[in-house]
Structures are given as structure tokens and as C-alpha cells.
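These protein sequences, in sequence, are chains A and B. Each residue of the first sequence is one higher than the one before, starting from 2 at the first, in the numbering used here. Each residue of the second sequence is one higher than the one before, starting from 3 at the first, in the numbering used here.
The hints are simulated quantities; they were obtained by calculation from the structure and are not laboratory data. Yeah, the Cβ is synthetic: ideal placement off N, Cα and C, and Gly gets one too. Treat the hints with caution; some may be incorrect.
To be verified - Pulled from the structure, derived: some chain B residues nowhere near chain A, Cβ distances all over 12 Å: (1) D11; (2) V15; (3) P20; (4) S30; (5) R44; (6) D56; (7) L58; (8) F69; (9) Q73; (10) L84; (11) V85; (12) S86; (13) S107; (14) K110; (15) K114; (16) P115.
Unchecked claim - Short, incomplete list of chain B residues facing chain A, as computed with Cβ under 8 Å: (17) S88; (18) F92; (19) F105.
Single-letter residue listing:
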Amino acid sequence: GAVVSQHPSRVICKSGTSVKIECRSLDFQATTMFWYRQFPKQSLMLMATSNEGSKATYEQGVEKDKFLINHASLTLSTLTVTSAHPEDSSFYICSAHRGTTEAFFGQGTRLTVV
Amino acid sequence: AQSVAQPEDQVNVAEGNPLTVKCTYSVSGNPYLFWYVQYPNRGLQFLLKYITGDNLVKGSYGFEAEFNKSQTSFHLKKPSALVSDSALYFCAVRDDNFNKFYFGSGTKLNVKP
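Pulled out of the complex, with its shape left as it was, chain B reads as follows:
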């Protein structure tokens, strides 16, 4: 079965500081991993994905994520946080057989000025 875990309910960072939002995964077969962001009362916006290739994936809005097979992690990072990055972030894994997405519990990112 496919699953992802986001161990932090909330992450607080100061504007300008680097941020990390953690995600670990458990999959059978090849991992197809994604990060999405959600603003209040809105749908999900795609940030980035790992399918194959380079372990460091660069995405939208300056975000990047590093796929670490040995640690089964796919942490989201950004070198310098903006207040506008404050939102709810979801890690997800796609089931290769049924094309379904399974989401983590979400991490609320608070960036303070």
C-alpha cells in the first residue's frame, strides 16, 4: 500500500530564513511523489514532482525537494521563505496501478515577517 507521512502539523519560520517541510513515504514499486500547496478555501496547486532522474527536484515559486531513497524521504525546501508562502502543504504519492493519489496529513507553514 502507498502512503506518505508528514510528521509536523505546523512549521514556523521567519521571512528570509530557509524552510523545510518534511515528508516520508512508503510505497510498493517505484515512488511517484508530489508536493501541493493549498491556500484557504482553494484547491491544490502543484509545486513539484519526482518521477525519476535527479534526486533534487526544482519546482514552482522557488521550492525544491530532495528525493532520498535510503531514508524514504521527500522533504520540501526553500532557501528563503516569504510571508506569501504561508499556506497548507501536502505531500502525496501516486499509486502506479490505479492512478490514485494518497495525501499526507498536511503541514501548515507560517512565515512571519
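Pulled out of the complex, with its shape left as it was, chain A reads as follows:
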């Protein structure tokens, strides 16, 4: 089946620094990818839709200047958490769609800001 690879799986950074998370579709092209955030024992919250070659679409309440999304190619989307703070600590998951129904998820990135 299709594979979506997310890197890194775990990262610890200092408060005030920026962290980049990569999401790659390994065996298919994805014009659209999605970024989710998951708090402990909670569901996934959609943060933004990453569109190849154009600006990302952010969900209401998500700061676009804080969570920078770049979708430079058909197989790669990146999420950069800028000036990270402890409250940004969370589990971030990306997904890529193949065709109109299939969605494949990355393995997630555990971000801890200290």
C-alpha cells in the first residue's frame, strides 16, 4: 500500500527555536496534504491543508505565521513550528491523499518544547 513518511518521529527543542517537520509521499504524488495536531488522549485536530504550488489553507484559530507550511513538490510538504513554546508541544500528524478517497497517514512527530 501507499506509504507516507514523516520525519523526525521525535524532536526536543528549546523554547524560542524553530522546528521543521517533513511529510513525504513515497510512492505516489499528492497535490494535497493535511496537517493535524493531536493532544494527549484527544482526537486529531485539522490544522491546515497543504496545496502543492500554492498557499496553504489554515483552519480557523490556527496561526499561519506560527505554523508555516510549504508544499514545494508533489511528494513533500513541510510544517515549521516557529518560535516554539512549551504549549506547542504535541503530536503532529500529516496525511496525503491518493485519488479521491484514499488517505494515508504519516507515523507522527512528537514535539517537546523545553
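Assemble the complex: chain A is given as a structure, and chain B must be docked to it using the hints.
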């Protein structure tokens, strides 16, 4: 607006017994429904989906789900639970217009030996 509800935070079953994880949905238009499983600190793994066709959908690892239009439900089932089935299960609906997924709150399944 599309949404799904998972009324149970946790389901406990004994190994070998049948299991059911409940999901109800609310959609405008055709429902595209999915079940995913998540193990600790991992992404989501696809189990099964309903797009059209037979109401009983069979998926990975022996799981199945029944689409019930009159009750707007899409419950996940397995005839005989395994300890290794213990995980977090999410029901989801896909928005047909924007290709977004909306997830339920998740149900933690505990299968005890």
C-alpha cells in the same frame, strides 16, 4: 457540516469475545466513512472504509463495519478480539467537497487476556 461521534471513551472486552466500537455520523451528501487504528506514538493505520455498495464492509485484521443509513451509524466489529487489538480507534468522515477528514473523539479498546 460533516461530523462523527464516538459515544464511548473506552471499551473493555475479554480476549476471544466479540467487540463493537460505536460510531454515528452526520453528513450532508453522500457519506464517506472510515475507521483508523492508532497505536501509542504512532500515526493512523487504515482499517476499512465505506464509500458505496454493500453495507457490510470487511477490512484489515479481521475487522468489519456495518453501514446503517437509517440509524446513521457505522459501528466497527470483530467476532473474536485479540489482546493485540488493544489500541485507539477513530471513526472519520471525509468531506466530499474539500477532501478533508473529520475524526471522532476516539475510543480506547482494551482487550484483556
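Cross-check of the supplied hints:
1. Separation of D11 (chain B) from chain A is inadequate, the least Cβ-Cβ distance of about 9 Å not exceeding the 12 Å criterion.
2. Every CB of chain A lies more than 12 Å from the CB of V15 (chain B), the least distance being 20 Å, so the non-interface label holds.
3. Listed as a non-interface residue, P20 (chain B) keeps its Cβ farther than 12 Å from every Cβ of chain A; the least gap is roughly 25 Å.
4. Interface exclusion of S30 (chain B) from chain A stands, the closest Cβ pair being 17 Å apart, more than 12 Å.
5. A Cβ of chain A approaches the Cβ of R44 (chain B) within 12 Å, the least distance being about 6 Å, so the stated non-interface status is violated.
6. For D56 (chain B), the non-interface assignment is confirmed: its Cβ lies about 16 Å from the closest Cβ of chain A, beyond the 12 Å cut-off.
7. With a minimum CB-CB distance of about 18 Å to chain A, L58 (chain B) clears the 12 Å threshold, and the non-interface call stands.
8. F69 (chain B), annotated as away from the interface, keeps every beta carbon of chain A farther than 12 Å; the closest lies near 15 Å.
9. Every CB of chain A lies more than 12 Å from the CB of Q73 (chain B), the least distance being 22 Å, so the non-interface label holds.
10. Look at L84 (chain B): its CB is around 21 Å from the nearest CB on chain A, clear of 12 Å, so calling it non-interface holds up.
11. No beta-carbon of chain A comes within 12 Å of the beta-carbon of V85 (chain B); the shortest separation is about 21 Å.
12. Against the 12 Å criterion, S86 (chain B) stays outside the reach of chain A, whose nearest CB is about 18 Å from its own CB.
13. With a least CB separation of 5 Å from chain A, S107 (chain B) falls inside the 12 Å interface cut-off, contrary to its annotation.
14. Distance check for K110 (chain B) against chain A: the nearest CB is about 8 Å away, which does not clear 12 Å, and the non-interface claim fails.
15. With a least CB separation of 20 Å from chain A, K114 (chain B) remains clear of the 12 Å interface cut-off, as annotated.
16. Against the 12 Å criterion, P115 (chain B) stays outside the reach of chain A, whose nearest CB is about 24 Å from its own CB.
17. Checking S88 (chain B) against chain A by beta carbon gives a least distance of about 15 Å; that is not within 8 Å, so the hint is violated.
18. Interface restraint check: F92 (chain B) against chain A, minimum CB-CB distance 7 Å, threshold 8 Å, status holds.
19. For F105 (chain B), the suggested interface contact is upheld, since its CB lies about 5 Å from the closest CB of chain A, less than 8 Å.
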